[in-house]
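S.K.: Sequence:
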Amino acid sequence: MASELKKITRLGLFAVVCFWTTACEKSGTDEAFNYPNTANIATVTAELTQVTLFDELQGRVRPLRSAEIRPQVEGIITQRLFKQGDTLEQGDALFQIDQDIFIIDVEIKQAALEQSMAHLALIQSQVDRFTQLDRTKAVSKQAFEEASFNLQIAAATVQQNRAQLKHSELQLEYAKVTAPISGIIGEALVTEGSLVSRTEPQPLAIIQQIDKVYIDVRQPASKLGVLRRLLANEQKNSEQGVKVIVQSSAESADDIEGQILFSGISVDENTGDLVIRIIADNAKQQLLPGMYVRTQIPRQKLQAITVPEHAVRRNSAGSPFVYIVVNDKFEQRPVQLEGLQQRRYVISKGINPNDIVVVTGQDNLREGAELVLSDWQQ
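Be aware that the sequence shown starts at 166, since it is given in our numbering, and climbs by one per residue.
It is worth saying that the hints were derived from the structure and are not from the lab. Please note: incorrect hints may appear among the correct ones.
Simulated restraints, written as ranges between beta carbons of each label pair [what the hints assert, rightly or not]:
1) Thr243 - Asp293: 47 to 55 angstroms
2) Glu434 - Ser513: 30 to 38 angstroms
3) Gln255 - Arg479: 56 to 64 angstroms
4) Gly351 - Asn480: 53 to 61 angstroms
In this text, a Cβ means the ideal position worked out from N, Cα and C, and glycines have one as well.
My request is simple: use the sequences and hints to build the entire structure.
M.R.: Next comes the structure, spelled out in structure tokens:
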């Protein structure tokens, strides 16, 4: 009997301990889920603005001008007169071709010209004398006509020799190869001692002007109509035409503003694309020929609302939505996105002007919580 009483007493004590432990755990759990009654959120007021939508396309950089340096005369290269990689001006000397033979040729042509001029002077004096004698009929008509004919031949010979001298002087001038355009010259493709001629397939060097560059972009031909309408509207409203943003792949490179020059008229049969040519200032030489770049080409202008990218959330199905504050309460509202530009989403449907949009603090939103609003700081 006594042993049974002790057993009952132990069971009672165990039950009391379990009850007390369970009560403590429940109390702790309730305290853990005791959320604060306020929700701090940062918001912006939606405003309707004029927005330009862009297509992001890849393009290849082309130099504004490119010239292959080729000799106009044949000869041996005796000197290279430039530093490879230098920026040159039009007319700067590049190569010197052995000019001795050209100097001799100029001297020969100069002597021939002087000889023909002396002969012309002799014939002219003879014609002048025959003219005076012809007045008194002291010279035959045939002799006078022959003298006049010889004068014409002598004058033509002088003119011919003068032209040949100019040609030889030009050949001598061509012995010094100069830059046909301003730009940056690459490596020399020939060395001193090389025999060069105007028929050689390989140029002496290549100069490229890149203070401005072309960017050739391929765009689907299906978008040609939209682009042409945009070009027409911009040309009416601005002399500068349609502006394009060019983004270099180089690190720490700034975005560059370009302008659409024209779109091609031939469509690639394999891809269905056509070429759009853009011109851009490149004073800092961030864009180099052959480089691939990203371009943002205007696609459409519309009235829309933009919000910071942090304001847009997505549900389990991947559909975008935002939180809107209405009468000190929040509501979830689906939106239609038109693109992301400068870290702001362009929204065409779902938000109305003057709506208060939650940008940060969405995780603090709970039913029944008091909303504490602050202006969002970028």
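S.K.: Does the Cβ pair Gln255, Arg479 satisfy 56 to 64 angstroms?
M.R.: Holds, at about 58 angstroms.
S.K.: Falls inside 53 to 61 angstroms, the C-beta gap from Gly351 to Asn480?
M.R.: holds (56 angstroms)
S.K.: So the hint says 30 to 38 angstroms: do the beta-carbon atoms of Glu434 and Ser513 match that?
M.R.: About 35 angstroms separates the Cβ atoms of Glu434 and Ser513, which means 30 to 38 angstroms holds.
S.K.: Is the distance from the Cβ of Thr243 to the Cβ of Asp293 consistent with 47 to 55 angstroms?
M.R.: holds (50 angstroms)
Figure legend: structure checked against the earlier numbered hints; every hint is met.
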